[in-house]
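Chemist: With the hints as a guide, bring the two chains together.
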Amino acid sequence: MTATATTITAPVTKSGRVRPLDGLRQTFTMAWRSLVAVKHNPLELVDYSITPIMFVFLFTYVLGGQMAGSPEAYLKYALPGIIVQNTLFMTMYTAMALNTDLTKGVFDRLRSLPIARSAPLIGRITADLAKHVWAMLLMIGLGLLLGFRITGGLDGLLLGMLLVVVFAAAVSWSAVLIGMLAGDAEKVQAFAFTIIFPITFTSSAFVMVDTMPGWLQAWSDVNPVTHLSDAFRGLLLGGPVAEPVLWSLVWAAGIAVVFYPVAMRAYRAKT
Amino acid sequence: MTYAIEAEGLVKRFKETEALAGVDLGARKGSVLGLLGPNGAGKTTAVRIFATLLRPDGGRAQVAGHDVVREAGVVRAMVGLTGQYAAVDENLTGTENLLLIGRLLGLSRRDARARARELLERFQLTDAAGRAVKTFSGGMRRRLDLAASLVGRPSILFLDEPTTGLDPHSRGELWDLLRGLVADGATALLTTQYLNEADVLADDIVVIDKGRVIAEGTPDQLKSQVGGQVLELRPVLGQDLARAHVLVAGAAGPEARIEGETITAPVKDPELMPAVVRTLDREGIAVGELALRRSSLDEVFLALTGHRAEPGDPEGNGGAAVRDEDADADAELRKAVMRP
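The listed protein sequences correspond, in order, to chains A and B. The C-terminal residue of the first sequence carries number 271 in our numbering, and the numbering is unbroken. The C-terminal residue of the second sequence carries number 611 in our numbering, and the numbering is unbroken.
Don't take every hint at face value.
[As the list claims (entries may be wrong)] Now the in silico label distances, taken between C-beta atoms and shown as ranges:
#: 1; chain 1: A; residue 1: L154; chain 2: B; residue 2: D328; range: 55 to 63 angstroms
#: 2; chain 1: A; residue 1: G153; chain 2: B; residue 2: Q395; range: 57 to 65 angstroms
#: 3; chain 1: B; residue 1: H440; chain 2: A; residue 2: A269; range: 34 to 42 angstroms
#: 4; chain 1: A; residue 1: G183; chain 2: B; residue 2: D398; range: 35 to 43 angstroms
Calculated directly from the structure, the hints in this document are not laboratory data. The C-beta atom is built at its ideal place from N, Cα and C for all residues, glycine as well.
Bound-form chain B, shown alone (with noise of 0.2 angstroms):
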């Protein structure tokens, strides 16, 4: 199998910290590769090692055969790279950033505008065009980056947590883009935090955590590696939650949990759903909900990691309030971009 994109043992150190303890990936040509992590994870170190930011202190990286460090300037002409924040001048206009990208890359004059033109339109910009970038919403920024990482044609994207800060409006419309992208024969490393990005636009997923890869493979093979359904449980009265979860977890381990008026445990029995409705009936406990349900990708971090992947807070502590709001707002849009 050859990869577009290929790292091989990849190391990297801050002073002490490790930031990459030996990760390998590899996304197939032509296909999106989420990087998945918590923050700190070294999803952006990655990036920038195959974007030749950065050295890496051990392994090897390539991009389409080429060697990130000795091969540099080649893999330069063929990537194309979108930071966490968008990095465009906010004093040119958005024509201007993107001619600025294309005179650099050797286009001339007149081919530099034509492009620029052609993709302001593509990325809905036109209107905005003549106007400061400063005057532009987060949206807008994110994509006049996108459109500036895209005027040399690269074949090979590097996407590191494009949407992250967007709002789920804005972060539809980009992800509309990206698969257009993608349709259109690109190859792209996406790092991401959202579970759902990664579900709904890579093909492959790598997850790493601390440096070091602890899972891959495909969405779903990644959701039923990690007992692939899960009982979900509501008691009528509140005042049972406590004592319902004692209860599932005795029947069905340590993994469950409380999560609002509900109880969640991973199904590796397919006798624990008879087993959880005996034992509560014998109790007097009376359920409102009872459902199987596969694993969602949270889930499967949560049970990789040991902590649920929650952006800005990598330790997991106190951030339970924004996961819900963020799926909600992810579930809205998953509705969104799914429609036709």
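This is chain A alone, in the form it adopts within the complex (with noise of 0.2 angstroms):
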């Protein structure tokens, strides 16, 4: 039998396999998707937006006194930090989403659509790493009236934020293997909590890590958390990098090379 009568608007080929350009510019309508949601869930901004923010102001002005001295001495020390640990959190917000439209049936409708398995997926993660890059700019922009200044020059700071965003990218595929086995979106967030927020405050995010017990130091020093806020630091206000940024980039690609075949084996059970 002939399939007659069926109008095959899609981009599919004969065959029924979706063409890789196809696939990119879908994994681009998902990107759309997660962006422009923005706009219609003022809550979304606040975790996007006022978080950060209001991050940026506490350790200044509650703890910088006490820290440093000054705030401004803190956060001159703090700010790379409080964006990587900023940075950290919102890749949990990848698991909430993938988590809900999985619940919601969302990746039913996707799934039962001719486009790439994976655009909804690195739609995704695409739009939430643009989301990263607008907190940071939003940070360091604050920082910068609050009397932080980057000493490292442009360079400096345009490859601090790569090396943050690709490190976010890494911790992403973590972010998808629990989006998809999570219940629901409230465990992803309590999971997610329990997890970064234990890791990022045993590091040299905040505090230099000489005043820690011996044991504490020891995690500490092997800490990704800590190598990825001693890399931002050194290339914001320049200094000696390349041992912190090395092993930044081998923590990524070590989170990444784990999670990554697992979160794609979850993904296509779940969707």
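Modeler: Here you go:
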């Protein structure tokens, strides 16, 4: 039997495969969807804009004086760490959004369409990385207003942001896995909080580690957040960065290698 | 006979349970096939296999002659799926949801916009088009979901319990829309737990229970298959009910049931009615109402499966009140839908 009277408007070849270029376009369409949703969801704007601003203010003015003698002096040390922590927290929004799509049946609808299987996933991650950059720029801008100075030059700033985004992209794969496995979005949040909170606070993100007890220092020295914070700080302020940058990339690669295949398998199984 | 939607010996297992245990079904081109069954019967599993969301463990499923596993991409290009819950993005507007699907299907920005406008109008959502979907009512969401499944002008539709959880008014609206679609030449597979929904919308019905087809035919065939007629009888005095039931069961067999204040029994023998009248008269039981009517699909279902089709209550325990309420609402609906 031939498929007469069926109107195939969709971009598939005769064999039903999606062409790579169409897959890319579909990925961008999915990214558009994630970004345009912010417009109608003020809460997301809070997540991506208000929370980062609040972090910078709180750390600077509440903790700053005690930590480093003056808010400005502490800001100089802590701003890169605050940005790193905020970025890591934000990767969990990827998990929550994917989880919501999964539980609300949006993935069923998407999968019944003749589009690239990976488009909804990569589109989401791409859009969320753009949101990371937005929050980063917001925090750096605010930091500049409050007295932070980028002494590492423009290339330091760009390389630093690129490094954090690359790291966030790697961590996103763990977020994908969590989003696929969690029962609902609240569980994602609870899980993320109990993992990311201790990891970021036991690093050099907010304090110099030399006042920590020895056992904690030992952990802190290998903690990926320490490496990433040190690298970002070094790139923004100027200074030796080769070692922390290298370790950050090693960690990012390690996280991606471990989580990418598992996350992809979970995604394929669930959607 | 060629079918637009066809399954042969479809099997799907989830761990220990066999969701589908060899299902055969076929929907003629341009017709609506109602897939009827209680919760857990395997309806959704079947739809998900046809919509390429699940791979069958055995048998085969075809859509317009294309195998859903080997030619999944082709199948996806010609089907529309509306699921049990409205699979639309709550944080997008009605227009944006439809734009998203249109762009994913390869429409240009302008064509996607035109198609979105057209569908919003048809589904009476134009006024709400610019609002985020989270502000929509349940009925509006379902309409938008149905609209989303139509963006690519699919010739074959899978509607998985499209009206579950809707109030009677919204359900009636959706029914009208579905009829319009089928009148335009689409083929649809409709799953439902509402027997009257299948009765009103479907050309053919396949009844499944525990993953197996237990009956098939047109709604009328199914109704006449099971006795055809039902005797309905209400004693004047409520206290006579139990005794009357025993007497009716003696004449009609163990299928006689008490429903509220009424006794119903399938009529297999034309002599039943006079026999019952004589017996009750002899025993001195005054009869308030006595009627012969066609069996409803509900009774067909009961006769076939041994349990009632009650939404949300697959075992049929304690759901009588819900069912009655539903039946009332459905009766009203039917009137509403039937009006010219």
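Chemist: If a hint holds in the structure, say so; if it does not, say that too.
Modeler: These are the hints, each one checked on the structure:
The hinted window of 55 to 63 angstroms between L154 of chain A and D328 of chain B holds, with their beta carbons roughly 59 angstroms apart. Here the CB-CB span from G153 of chain A to Q395 of chain B is close to 59 angstroms, well matched to the stated 57 to 65 angstroms. Evaluation of the 34 to 42 angstroms hint for H440 of chain B and A269 of chain A yields a pass: the beta carbon distance comes to about 40 angstroms. Distance hint check: the CB atoms of G183 of chain A and D398 of chain B are about 37 angstroms apart, consistent with the given range 35 to 43 angstroms.
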